[in-house]
Amino acid sequence: MAKKAQRWSLARVVISVLALLPVLLLLLIVANLVWSSLPAIQQAGLPVLFSTKISNVFSGVYTPGEFGLLPALWGTVLLAGMTLGIAFPVSLAMAIFAAEFNLKGLGRVLEVLLGILVGIPPILYAVLSLTVLTAFVVPKFAANGLPEGIIRSLSGLPPYNPGTLPRETSTLLGGLMLSLLVIPFMAPLILDAIRGVPHDLKEASLALGATRWYTLMRVTLPSALPGIAMALSLGTLKTIGDVVISAWTIGYIKNGLPQPLVDIFESVAPLTSTGAGLLNGLSGGAAVPPGPERGAAYFAALLLLLIAFSILVMSSLAQRYLQRRLAR
Amino acid sequence: MRPLLNSAVPTRPAAPARPKPARLAWTKLLNAAAPAVSLATALAALAGACLSLAQNTAPALAIVELVVLSVAQQVLFLYIYLRFAKWDFKVALLALLSFAGLVVLYVMPEYLTGWQFNAVVHRSFFAAVWLMAMAIPAMMCAIYYLAGATPRAEDYAHYPLVLVPVGLALAVYVVLIGQLVLQGLPNLTWQAISKPYFSYGWPIKVFVGGDWPMWSSELRTSIGLLYYLQGTGLLMLLTAVISLPIGVGAGLYLSEYATGILGSLTRFAVTALRAISLLILGLTAFSLTDLSSGTPLASLLHGRYFDGFVWQTSSGGSFLAASIVLSFLVIPLIALATEEGCRSLPPELREGSLALGASDETTLWRIVLPWSLPNVVTALLLGCAEAAGSVAVLMFIAGRGDYGVGPFSQVTSLAYAIFIIWFGDQQFKGSMGPFLFTAGVLLMIITMGMGIAAMLTKRWLVRRHRGG
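Protein sequences appear in the order of chains A and B. Counting in this note's numbering, the first sequence runs from 1 upward without gaps. Counting in this note's numbering, the second sequence runs from 1 upward without gaps.
Since the hints were derived computationally from the structure, they do not count as laboratory data. Please note that a few of the clues may not be correct.
What the hints assert, rightly or not - If you want a taste of the chain A side facing chain B, the calculated C-beta under 7 Å gives, among others: (1) Leu21; (2) Pro22; (3) Val34; (4) Leu38; (5) Pro39; (6) Phe97; (7) Leu128; (8) Ser310; (9) Val313; (10) Ala318.
Stated by the list, open to error - Selected chain B positions facing chain A (Cβ under 7 Å, derived; list incomplete): (11) Tyr81; (12) Ser255; (13) Phe306; (14) Thr447.
All C-beta atoms, glycine included, are put in the ideal place defined by N, C-alpha and C.
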């Protein structure tokens, strides 16, 4: 659309002022995070913030002044890996089914279903994690049916008792529920990327005698790679940004790194729920008084912000690189 | 991944015709039988895998299925040699791996542990994984040879690879939502949604007349979800009112005027507001109320309640504060949708309007904005659903809604009620515990209703405005 020099009408002024609000809001959010996390950085220092020792009034042993975020950082990595490891192949399969294997119009039905499922809020998956816990995770991974003493000697997990479900379970459960949240979010994005591939490319491949599967693997998916990378990064952002599911299924505070580092059966709280736990998100209003501990909660959020921005920047760089490689 | 089966594109020159093996009479009979049997055993293995995932089965079933699968693969292997005169070693490998799996499963103890992992794994999980890993390639091979080993058969052969994960995922969703409805529906009575939860000892004023107010003790022991439902509605309404003008303005700016550094800054801000963690928004909401205490803004941003004698200010945030922060989430949604709608406007319409002498402003209000209306309405409905389902934003400022719902009372919502039924104090948990899944069902109805309404509205408006 040709942009001529437009005069500043009233509408343009109003619209421009309204459009500046998101910029202002973002600046205020970032400034508030930095300003509020200053007490932690100044009074406790970065070595304490990046240590592995952390505790608050809700963890078993409370030592004031310990709020190392390294376990939480590792928990975020572990949870994101677990979630995307499940969610990405499934959403890719869903997108391929809807775009290329459209069996008797079932792909269209799947699209509508995804549109409905994407609206389910995280808190419902958190509630449903109780069902998954009793029906799948505990029987399969927590030795339902073994005598209590043997369980304790084997694993140190609390014995399975439907009456008193363990509140903090495992990264495994968190990853399962989060992947249910992320699949309907990521699949339509991948579907859009696959649909956006020009028809000429596909038709040329098919006309040369390649099968549909071969075309999909060698032509369509490589051409859709920039869009797929974007979908993956947005899914990662949704995964690491979620508070409720991780707080409900994994827990708030984890002291120390898990012993085998990739132990998904332990509850390694990610940054989000650790931040919520440090500010005492359990009972609204009764937050911890201002000080380094509250600052540490804001510092966790600041770390998340930095991670999110770096993922955004990296994904746009990757997108540019992939597009340039495709254009060549 | 290389295609599992032979690719359609012939890459090497045709081999010299090799002598065909003598065709026995029963080969014809076996033409369809061997792959069909193999397919049936693979399907049975898939069903067995699902069963093993659903409950802790004894290994006998999985072992029998693996034996049958292995035998079927061996038969298929021979059949391929007899019919196509080639050794398909993938099938042989499958037979071998199935056999290895059943041996491992036979010697495996019931619970596995080791490497200091914080769990003991039941062997039925291993059985499920192994059955699944065998069943899908077995189905692919069987379908390939059942369809005649042509290039088109290769397409058919890949159906299981795509269909099985999709089907399993959808089955999980169906089972879980079914569980939610099954456990929540029995408690979904009129009483549950028509009465508020009220816990505090002091009575509620019901009538003000003359010098002395009248008190009632009716609500004292009341248990229900009324205030949470009302709160969810109010939250959606306030968020929509706040975010609609800003979102539409930002969207129009992005599509009409965004140039230079300011334009890209706005675009980045809109993208980043969607991408940042919900914890950040929750902490922002907390800061908003926390920093405003002691200032004149406190009466707007802090939840206020009438305790029977005077107005009190709680430390939590009001509906207004929560809606302001929730609108940070909804503004980018509306802005991006508006921009997309404006960009889809055919240039002829705009040029026609300008050519007829309408000013830029008139064109904007009369042509561009109505055209993008379906996108705006859809995004608004989805944003409202997001506001209804959001807990993280309210987590640090919300309360239990003991004193009713209004723009300046302490924020509460259905989603937050679910959260504190699980995490709240024992008294609340004890009285509201049965409503955990009921509140979930109500929330699901609200959010899904908004989603479906968004879909229908978009179709309806698109048809009306664009004459499609």
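These are the hints, each one checked on the structure:
The interface hint given for Leu21 of chain A holds, since its Cβ lies 5 Å from the closest Cβ of chain B, which is under the 7 Å cut-off. Satisfaction of the interface hint for Pro22 of chain A is found here, the shortest Cβ-Cβ separation to chain B being roughly 4 Å, below the 7 Å cut-off. With a cut of 7 Å, the hint placing Val34 of chain A at the interface with chain B is violated, because the nearest CB-to-CB distance is about 12 Å. This hint is violated: Leu38 of chain A has a C-beta 13 Å from the nearest C-beta of chain B, more than the 7 Å allowed.
For the restraint placing Pro39 of chain A at the interface with chain B, the shortest Cβ-Cβ distance is roughly 13 Å, beyond the 7 Å limit, so the hint is violated. The criterion of a C-beta within 7 Å of any C-beta in chain B is met by Phe97 of chain A, whose closest approach is roughly 5 Å, and the hint holds. Hint on Leu128 of chain A holds. Least Cβ distance to chain B is approximately 5 Å, under the 7 Å limit. For Ser310 of chain A, the shortest C-beta to C-beta distance to chain B is roughly 11 Å, which exceeds 7 Å, and the interface hint is violated.
The beta carbon of Val313 of chain A comes no nearer than 10 Å to any beta carbon in chain B, farther than 7 Å, and the hint placing it at the interface is violated. Using the Cβ-Cβ criterion of 7 Å, the hint placing Ala318 of chain A at the interface with chain B is not satisfied: the shortest such distance is roughly 15 Å. Hint status for Tyr81 of chain B: violated, given a least beta-carbon distance of 24 Å to chain A, over 7 Å. Taken as an interface hint, Ser255 of chain B does not check out: its beta carbon lies about 9 Å from the nearest beta carbon of chain A, beyond 7 Å.
Taken as an interface hint, Phe306 of chain B does not check out: its beta carbon lies about 18 Å from the nearest beta carbon of chain A, beyond 7 Å. Proximity of Thr447 of chain B to chain A holds as hinted, the smallest CB-CB distance being about 5 Å (cut-off 7 Å).
Hint check: violations occur at hints 3, 4, 5, 8, 9, 10, 11, 12, 13; the rest are consistent with the structure.
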